[in-house]
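K.L.:
Sequence:
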Amino acid sequence: MSMSGLASNRYERNLILALLTFLILLPLPLGANRLWAMGSIAVCVGVLSCLWALGLWRGKIMASKALKPGLPLFVVLLAVQLWVALQNLFGISADPGQSVLYGVLGLSYSLLFLLIISLFATRTRLLWLLGALVVSGTLQAFYGTFMALSGFEWSFFGESVRSGSAANGTFVNRNHFAGYIELTLACGIGLMMALRSTERWSWVSAIELIMGPKARLRLALVILVIALVMTRSRGGNVAFFTAMLAMSFIFIVRNRENRRRNILILVSLILIDTLVISQYFGLERLKDRLFDTRLVDRVETVVINNVPVEQVQQANEIRGQVFTDIVPLALHKPIVGQGAGAFEATYSQYADASVRLHFDHAHNDFLQFFVEYGAIGTVLLALFTGWALYFALAALWQTRSMFRNGLGLGVSIGILSLLIHSLSDFNLQIPANAATFITLCAIAVLIQNHSKRKIKVRAELD
Numbered sequence: 001m002s003m004s005g006l007a008s009n010r011y012e013r014n015l016i017l018a019l020l021t022f023l024i025l026l027p028l029p030l031g032a033n034r035l036w037a038m039g040s041i042a043v044c045v046g047v048l049s050c051l052w053a054l055g056l057w058r059g060k061i062m063a064s065k066a067l068k069p070g071l072p073l074f075v076v077l078l079a080v081q082l083w084v085a086l087q088n089l090f091g092i093s094a095d096p097g098q099s100v101l102y103g104v105l106g107l108s109y110s111l112l113f114l115l116i117i118s119l120f121a122t123r124t125r126l127l128w129l130l131g132a133l134v135v136s137g138t139l140q141a142f143y144g145t146f147m148a149l150s151g152f153e154w155s156f157f158g159e160s161v162r163s164g165s166a167a168n169g170t171f172v173n174r175n176h177f178a179g180y181i182e183l184t185l186a187c188g189i190g191l192m193m194a195l196r197s198t199e200r201w202s203w204v205s206a207i208e209l210i211m212g213p214k215a216r217l218r219l220a221l222v223i224l225v226i227a228l229v230m231t232r233s234r235g236g237n238v239a240f241f242t243a244m245l246a247m248s249f250i251f252i253v254r255n256r257e258n259r260r261r262n263i264l265i266l267v268s269l270i271l272i273d274t275l276v277i278s279q280y281f282g283l284e285r286l287k288d289r290l291f292d293t294r295l296v297d298r299v300e301t302v303v304i305n306n307v308p309v310e311q312v313q314q315a316n317e318i319r320g321q322v323f324t325d326i327v328p329l330a331l332h333k334p335i336v337g338q339g340a341g342a343f344e345a346t347y348s349q350y351a352d353a354s355v356r357l358h359f360d361h362a363h364n365d366f367l368q369f370f371v372e373y374g375a376i377g378t379v380l381l382a383l384f385t386g387w388a389l390y391f392a393l394a395a396l397w398q399t400r401s402m403f404r405n406g407l408g409l410g411v412s413i414g415i416l417s418l419l420i421h422s423l424s425d426f427n428l429q430i431p432a433n434a435a436t437f438i439t440l441c442a443i444a445v446l447i448q449n450h451s452k453r454k455i456k457v458r459a460e461l462d
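According to the numbering used here, the residues represented by the sequence shown are 1 to 462, in order.
Do not take every clue at face value.
Unchecked claim - With a straight-line Cα cutoff of 25 Å, these simulated BS3-like cross-link-like pairs (lysine-lysine) come out:
(1) K68 x K333
(2) K452 x K65
(3) K214 x K65
(4) K60 x K452
In short, the hints are calculated from the structure, not lab data.
Could you put the whole structure together from the sequences, leaning on the hints where they help?
P.N.:
This is the structure in structure tokens:
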């Protein structure tokens with residue numbers, strides 16, 4: 001692919017490159033989980049949106065065919081932001097300042113969704129977008145793995161962060177780093193399956209596999225898997241491989257042609273990357289963390305001097321108690337909610353005495369959305385996410401195009417993985433991960449609604 005095929009004029013090309021640069025740089029400032037970084041997101045997306053609208057008005061940008069199927073999802077996202085504004089307007093929000101911030105961020109995510117479906121609606125541009133996300137994830141994975149193996153204590157944007165033995169990249173929290181790796185790894189899998197070949201084996205194809213672009217992509221996937229394992233994130237690893245197994249099963253059952261080749265590719269990701277390579281990068285320690293997790297106290301019988309003695313094994317994970325405390329908070333205003341971003345201000349009133357840590361998030365995105373947005377906002381968010389996942393699954397289900405079919409697999413893995421991970425963490429409250437998740441939802445729309453302009457790509461992409 002050449003840069004000349006990326007856009008039809010310099011104005012549009014510069015806009016696309018600016019948006020790709022934004023997506024790559026997004027996770028660098030601590031996952032953008034700082035006030036100044038959130039403000040930067042709003043400014044960048046706002047400026048790019050104004051330039052896009054100006055280009056559309058002056059005829060420098062043509063409206064894409066993906067706008068029509070994508071507009072209903074954009075309207076749903078805008079409806080969520082309207083609801084946040086109403087929460088403030090009618091005094092519903094328990095923390096008006098945070099609600100304004102969440103409303104601005106939500107509007108930025110909505111405009112980002114619109115920019116993606118408008119500017120990346122050709123196959124060449126879609127490949128550039130996916131490639132940029134994979135490159136960003138791979139750089140994060142390499143950096144996070146290196147820091148974890150070296151054990152350095154480093155200063156990033158004025159904050160001291162100790163890497164320890166777990167990888168966290170440029171994120172403060174390893175679980176959020178795992179969430180970002182899940183999304184970009186899913187994009188890499190989608191690319192690999194979209195570019196898969198049906199040609200018979202030959203020495204030429206073998207050399208291309210070793211030396212060509214697919215080999216570099218395969219190496220990137222290995223680095224991403226190693227980083228995911230090295231995060232020691234229980235929720236992230238369980239979520240990703242659960243989503244991958246589920247979606248891969250559907251993919252293999254649906255694609256009868258070249259089933260053996262597809263099985264070998266997908267099995268290699270699970271067996272070779274996870275069970276072989278990752279053994280040298282802490283897979284055993286991740287397994288120990290999973291098996292040692294105790295959400296509640298439990299009584300175990302041990303034998304001491306041939307005498308059975310009962311011992312209490314105390315819980316080493318307090319999120320179970322937090323979830324229990326959240327239930328009455330959620331039921332206090334089940335329809336209208338406490339206000340976007342108001343969890344931190346309201347949870348302390350319902351926290352059990354055994355919870356001595358400060359919780360600014362619920363460690364469960366679904367519960368937090370219900371507490372803050374109420375049933376009204378939560379239904380709208382669920383509608384948007386479910387609709388995007390439907391687009392991805394529809395692409396996965398059809399077999400007429402290997403390109404669409406393969407990307408459908410990758411995007412559905414990414415969306416489902418982060419949803420599963422959201423049961424035990426708050427990735428969707430982290431701007432870098434939320435914006436990347438929105439990007440995947442936009443890609444889901446684009447998979448079957450992009451145009452195939454004549455570009456210099458192999459025939460196997462068609």
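K.L.:
Now look at each hint and say whether the structure bears it out.
P.N.:
Quick rundown of the hints versus the structure:
1. K68 x K333: violated (36 Å)
2. K452 x K65: holds (11 Å)
3. K214 x K65: Roughly 30 Å separates the two Cα atoms, so the pair is violated.
4. K60 x K452: holds (20 Å)
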